[in-house]
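Each protein sequence line maps, in turn, to chains V and H. First residue of the first sequence: 1494, per the numbering used here; consecutive thereafter. First residue of the second sequence: 73, per the numbering used here; consecutive thereafter.
Honestly, the hints are just simulated from the structure, not real lab data. Please read these numbers as outputs of a predicted model, since none were measured by experiment. Mixed in with the good hints there might be a few duds.
[Said to hold, decoys possible] Here are some chain V residues the structure puts well away from chain H; computed CB gaps all over 10 angstroms: (1) Met1494; (2) Lys1506; (3) Tyr1510; (4) Ile1538.
[To be verified] A short list of chain V residues far from chain H (calculated; beta carbon distances all over 12 angstroms): (5) Ser1513; (6) Gly1514; (7) Leu1524; (8) Glu1535; (9) Glu1536; (10) Gln1541; (11) Asp1546; (12) Thr1559.
[As the list claims (entries may be wrong)] Straight-line alpha carbon distances no greater than 27 angstroms define the calculated DSSO-like cross-link-like pairs of lysine-lysine that follow: (13) V/Lys1516 x V/Lys1549; (14) H/Lys159 x H/Lys191; (15) V/Lys1506 x H/Lys404; (16) H/Lys306 x H/Lys235; (17) H/Lys235 x H/Lys294; (18) V/Lys1554 x H/Lys404; (19) H/Lys159 x H/Lys182; (20) H/Lys84 x H/Lys377; (21) V/Lys1506 x V/Lys1516; (22) H/Lys166 x H/Lys239; (23) V/Lys1549 x H/Lys159; (24) H/Lys84 x H/Lys239; (25) H/Lys165 x H/Lys191; (26) H/Lys191 x V/Lys1549; (27) H/Lys84 x V/Lys1505.
Just so you know, even glycine gets a beta-carbon here, dropped at the ideal spot from N, CA and C.
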Amino acid sequence: MSEHQQSTEEIKKVDQYLDSGFKIKYVYENLSGMFVEFARQEEVILMQILTADARKYFSAKLQEQTLLQ
Amino acid sequence: MADLRIDLAGIKSPNPFWLASAPPTNSGYQVQRAFEAGWGGAVWKTLGDPILNVSSRFAAVSFNGQRVAGFNNIELITDRPLEVNLKEIYETKKRFPDHAIIASLMVEPKQEKWHEIVKRVEDVGVDGLELNFGCPHGMAERGMGSASGQVPELVEKQTYWVKEAAKTPVIVKLTPNITDITVTAEAATRGGADAISMINTINSLAGVDLDTWNTVPHVAGKGAHGGYCGPAVKPIALNMVAECARNPLINVPISGIGGISNWQDAAEFILMGATGVQVCTAAMHHGFSIVEDMIDGLGNYLDDKGIASVMDLVGRSVSRYSNWGDLDLNYKIVAEINNDVCINCNKCHIACEDTSHQCIDLYTEDGRPMLKVREEDCVGCNLCSIVCPAEGAITMVERPSTVPPMTWNERQTLISSLSK
Chain V
1494 MSEHQQSTEE
1504 IKKVDQYLDS
1514 GFKIKYVYEN
1524 LSGMFVEFAR
1534 QEEVILMQIL
1544 TADARKYFSA
1554 KLQEQTLLQ
Chain H
73 MADLRIDLAG
83 IKSPNPFWLA
93 SAPPTNSGYQ
103 VQRAFEAGWG
113 GAVWKTLGDP
123 ILNVSSRFAA
133 VSFNGQRVAG
143 FNNIELITDR
153 PLEVNLKEIY
163 ETKKRFPDHA
173 IIASLMVEPK
183 QEKWHEIVKR
193 VEDVGVDGLE
203 LNFGCPHGMA
213 ERGMGSASGQ
223 VPELVEKQTY
233 WVKEAAKTPV
243 IVKLTPNITD
253 ITVTAEAATR
263 GGADAISMIN
273 TINSLAGVDL
283 DTWNTVPHVA
293 GKGAHGGYCG
303 PAVKPIALNM
313 VAECARNPLI
323 NVPISGIGGI
333 SNWQDAAEFI
343 LMGATGVQVC
353 TAAMHHGFSI
363 VEDMIDGLGN
373 YLDDKGIASV
383 MDLVGRSVSR
393 YSNWGDLDLN
403 YKIVAEINND
413 VCINCNKCHI
423 ACEDTSHQCI
433 DLYTEDGRPM
443 LKVREEDCVG
453 CNLCSIVCPA
463 EGAITMVERP
473 STVPPMTWNE
483 RQTLISSLSK
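Generate coordinates for the entire structure from the input sequences, incorporating the hints supplied.
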């Protein structure tokens, strides 16, 4: 899979979580990329974001969420 | 034509083009010929206790047919007695009262030494002083030049001593042989400098002769590091000028030096904060007459831009120079190949495939070889357009971002608010 395809899939996944009511709860980064906890009431999902483009996209979404709060 | 006169910390000259302190400004004969050719000012070759030079002093680095892409020297300051230089400065100033003559000075880091030379030099009517805290070879081994210029406390103290005695503006010339030139620039400012100039030459060894194994240049089979200048150092100098220009603690004018070879180079330094420029290597390579094109070129450029005075150009690009962390991560450009102009050398494909992001595809259309950029994989690195020999074949074009601008610093602030 090309990096572009990979980032497209990761972006799609971020959108899916946010569109289905999940909120970004925690974010941390390490040598393996970015780890995001999405939470919807008691439900928590951990997502690892690997690609640079998806990490940039996620940052924009986090900004959106912060502005809406 | 636009007004090319400058005023650098009170030093006025008919244009921003000065000869730097170096072999071209060794004598009254040379400086007067330079003024006749059109140079607006000259920084006299550094005065101090007369030195002894060695034979075999210069070397150049040529690259792909470009002669003197870089230039290396192991020549020291003036080897003539002070009285001889002062007499010629006096005569030159008398003949060219409207041109700027700045005396470059270098003495031991002692208050009385600085006071003495400042007084003697100002008595013959120089327009300003330039303190040589930059020469990296020879004099540095004796505690002067860059040896002084690498120690912020010494820069500040010696500047202060000079200012105690000086009646004319004091320019402090800085060495690039230091991790962060803004530290010594700030020290000069604290010491009371009226202006700073940069860069002096960079420590260098031009080469090694593969037949004799001697250094280039060598003196009877031995070499020593010299100072590197010429076109190759321009980007280093331009960055240092820009870093000082955008530093709020360095609020004095800048005289830009380093690889300036034509009016375009000069305009770039002026845009990045230099009030004027100093030139050496280009004059040594092509002679004093290069200043004619510099004057015409800069004047025409200002006219085309509708700018009445070169002083109005000073620093116009400084606010565009920032920290990496303040750049927009979401700004996007991609390469676009015009196959009608492309000569199918495939250098872009090879460069991208081997050393970048593998996003230029080769294909054929009606039997004709073609190249196409896969935009989704292009990171906008510019490499293909840099290596392309066919003007206009590759253009970097902006693509609208789907998300708003965000810098690395903004992103980190955002993320830290949700970090565990």
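Here is what the structure says about each hint:
no.: 1; hint: Met1494; in the structure: holds (12 angstroms)
no.: 2; hint: Lys1506; in the structure: holds (16 angstroms)
no.: 3; hint: Tyr1510; in the structure: holds (15 angstroms)
no.: 4; hint: Ile1538; in the structure: holds (15 angstroms)
no.: 5; hint: Ser1513; in the structure: holds (19 angstroms)
no.: 6; hint: Gly1514; in the structure: holds (18 angstroms)
no.: 7; hint: Leu1524; in the structure: holds (16 angstroms)
no.: 8; hint: Glu1535; in the structure: holds (19 angstroms)
no.: 9; hint: Glu1536; in the structure: holds (18 angstroms)
no.: 10; hint: Gln1541; in the structure: holds (15 angstroms)
no.: 11; hint: Asp1546; in the structure: violated (9 angstroms)
no.: 12; hint: Thr1559; in the structure: violated (6 angstroms)
no.: 13; hint: V/Lys1516 x V/Lys1549; in the structure: holds (17 angstroms)
no.: 14; hint: H/Lys159 x H/Lys191; in the structure: holds (15 angstroms)
no.: 15; hint: V/Lys1506 x H/Lys404; in the structure: holds (23 angstroms)
no.: 16; hint: H/Lys306 x H/Lys235; in the structure: violated (30 angstroms)
no.: 17; hint: H/Lys235 x H/Lys294; in the structure: violated (40 angstroms)
no.: 18; hint: V/Lys1554 x H/Lys404; in the structure: holds (18 angstroms)
no.: 19; hint: H/Lys159 x H/Lys182; in the structure: holds (25 angstroms)
no.: 20; hint: H/Lys84 x H/Lys377; in the structure: holds (24 angstroms)
no.: 21; hint: V/Lys1506 x V/Lys1516; in the structure: holds (13 angstroms)
no.: 22; hint: H/Lys166 x H/Lys239; in the structure: holds (19 angstroms)
no.: 23; hint: V/Lys1549 x H/Lys159; in the structure: violated (66 angstroms)
no.: 24; hint: H/Lys84 x H/Lys239; in the structure: holds (15 angstroms)
no.: 25; hint: H/Lys165 x H/Lys191; in the structure: holds (17 angstroms)
no.: 26; hint: H/Lys191 x V/Lys1549; in the structure: violated (61 angstroms)
no.: 27; hint: H/Lys84 x V/Lys1505; in the structure: violated (63 angstroms)
Of the numbered hints stated above, those contradicted by the structure are hints 11, 12, 16, 17, 23, 26, 27, listed in ascending order.
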